[in-house]
Each structure stands twice: as structure tokens, then as C-alpha cells.
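Novice: Each chain is listed here by its residues.
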Amino acid sequence: QKEVEQDPGPLSVPEGAIVSLNCTYSNSAFQYFMWYRQYSRKGPELLMYTYSSGNKEDGRFTAQVDKSSKYISLFIRDSQPSDSATYLCARSYNTGGFKTIFGAGTRLFVKA
Amino acid sequence: AAGVIQSPRHLIKEKRETATLKCYPIPRHDTVYWYQQGPGQDPQFLISFYEKMQSDKGSIPDRFSAQQFSDYHSELNMSSLELGDSALYFCASSSGTSGVTQFFGPGTRLTVL
Chain A
1 QKEVEQDPGP
11 LSVPEGAIVS
21 LNCTYSNSAF
31 QYFMWYRQYS
41 RKGPELLMYT
51 YSSGNKEDGR
61 FTAQVDKSSK
71 YISLFIRDSQ
81 PSDSATYLCA
91 RSYNTGGFKT
101 IFGAGTRLFV
111 KA
Chain B
1 AAGVIQSPRH
11 LIKEKRETAT
21 LKCYPIPRHD
31 TVYWYQQGPG
41 QDPQFLISFY
51 EKMQSDKGSI
61 PDRFSAQQFS
71 DYHSELNMSS
81 LELGDSALYF
91 CASSSGTSGV
101 TQFFGPGTRL
111 TVL
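So the protein lines, in turn, are chains A and B. Residue numbers for the first sequence follow the numbering used here, so the first one is 1 and each next one is one higher. Residue numbers for the second sequence follow the numbering used here, so the first one is 1 and each next one is one higher.
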């Protein structure tokens, strides 16, 4: 079992839709949870990170963590064609440096 | 703002050859991470360095080695290349006190023929 499980999609939605992306994780150690966005042939770009249960909002993006069920989500409101990318969830924990484990990534297509 | 720089951006090698990938972190970042991303795969952590010392090791083959130099740039050396080494290699950097926020470079696409 991978440490971070994520449905690879693809997920296709119309412009303006609310997008829900989800991951589950298996380790209960203290850790940070992140969402990265990766455009084709580019490096991952950090969107948001959090370490506590609950919601964290940044513009059209909301990250949600439920530690009791080991479930993390990213919601995108008013989705735009420019949001079309692969979204990677990740968990990061301190082992002397910060080790980051990525999920498989979900490919999102937002149709105009 | 300055970003992580990786060179070369593209590299083509033959089997059993050697390759060296370079990473220049964001100024004042003291931690460097290397990741390997195969086609359609998520980035796999290889190795990291903090203040020029190896801080963590992931799924890095014994054929690969890496180091961080006094100016904080890092090099990933890959020997006896195999077809399966063809992938995107990303370097990321962070500041040691806030290592959770890693900034990724554009990657080096290595093709082994």
C-alpha cells in the first residue's frame, strides 16, 4: 500500500464547476499535508500546506484535512481552463530534512 | 524572484554511460532535494542535503550519488545508465527552518537510449 493514495483520474469538468480532489494516507505521525499543481513538463508548484485538521482557504482553493479518517481534500471553486493540470497531494515529515511523499496525482481538465 | 535552476534541461545518453545533473537552489536556501519522476508517475524522493550534509535518503540506486557543495549547489551523478533511468529529474530547495515548503526546479529530462 502506498503511503499516499490518490485517484489518478482523469477528471473532466466544465468551466465554473467546483472541483473536489481527494487523497488518503496511512501514517499517523506528525506531518504536513500539501497540494502541488504540476503543468505538463514543468516542476510541481506548491499550492497550499497545512498540518492540522480542518479547512484552509486561499482564494478559490480550499484544503481540508480530516485526521480521524486520514483523508485530505482540495476544493477548487469557479474552476478555470487554466486550472487544467495534474494535482499532487503529498505528506511531509521531518527526518532530519523534510521527506515528502507524493500521491500519484490527479489529472484535471477544465473545459471552456 | 529567483527560482531553482537545473541544468541541463534535456540530456540524451546511451546505456552504461554516465550523466551529471546540476541544481542551483534559490539564494539563501540551504536544503536541496532530488526527485525522479517517470512517465505518468508521481515524483519519487531520491536524496536530500542540508548544509552540505546528506540529510535523508530515499529510493536512490547505488549507481547514483549526489553531493552538495559549499555554494549550496548540488550535483546528481548517475553511472552505468539503464533504460529505466529515463525520467524527469527534479531538484527542489528549501530553507532549513521551513523545509516543508519546497520549491521545485523545471527538471532535467534524461533519455537513455
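Because the hints were derived from the structure by calculation, they are not lab data. From a predicted model like this one, the values you see are computed outputs, not experimental measurements. Just so you know, even glycine gets a beta-carbon here, dropped at the ideal spot from N, CA and C. Where hints are given, some of them may not hold.
To be verified - A short list of chain B residues far from chain A (calculated; beta carbon distances all over 12 Å):
hint, residue
1, 2
2, 4
3, 13
4, 15
5, 16
6, 42
7, 56
8, 67
9, 71
10, 73
11, 79
12, 80
13, 101
Claimed, not checked - Only pairs whose alpha carbons sit at most 20 Å apart, straight line, appear in this in silico DMTMM-like list of lysine to aspartate or glutamate:
hint, chain 1, residue 1, chain 2, residue 2
14, A, 67, A, 57
15, A, 67, A, 15
16, A, 42, B, 85
17, A, 99, B, 30
18, A, 99, B, 75
What the hints assert, rightly or not - Non-contacting residues of chain A with respect to chain B, defined by C-beta distances greater than 10 Å in every case (computed):
hint, residue
19, 12
20, 18
21, 45
22, 55
23, 65
24, 67
25, 70
26, 82
27, 100
28, 103
Novice: Taking the hints in turn, state whether each one holds.
Specialist: Structure-based check of all given hints:
| no. | hint | verdict |
| --- | --- | --- |
| 1 | 2 | 14 Å, holds |
| 2 | 4 | 8 Å, violated |
| 3 | 13 | 19 Å, holds |
| 4 | 15 | 24 Å, holds |
| 5 | 16 | 27 Å, holds |
| 6 | 42 | 4 Å, violated |
| 7 | 56 | 5 Å, violated |
| 8 | 67 | 15 Å, holds |
| 9 | 71 | 19 Å, holds |
| 10 | 73 | 17 Å, holds |
| 11 | 79 | 24 Å, holds |
| 12 | 80 | 26 Å, holds |
| 13 | 101 | 6 Å, violated |
| 14 | A/67 x A/57 | 18 Å, holds |
| 15 | A/67 x A/15 | 31 Å, violated |
| 16 | A/42 x B/85 | 19 Å, holds |
| 17 | A/99 x B/30 | 15 Å, holds |
| 18 | A/99 x B/75 | 19 Å, holds |
| 19 | 12 | 17 Å, holds |
| 20 | 18 | 25 Å, holds |
| 21 | 45 | 7 Å, violated |
| 22 | 55 | 18 Å, holds |
| 23 | 65 | 14 Å, holds |
| 24 | 67 | 17 Å, holds |
| 25 | 70 | 18 Å, holds |
| 26 | 82 | 19 Å, holds |
| 27 | 100 | 6 Å, violated |
| 28 | 103 | 6 Å, violated |
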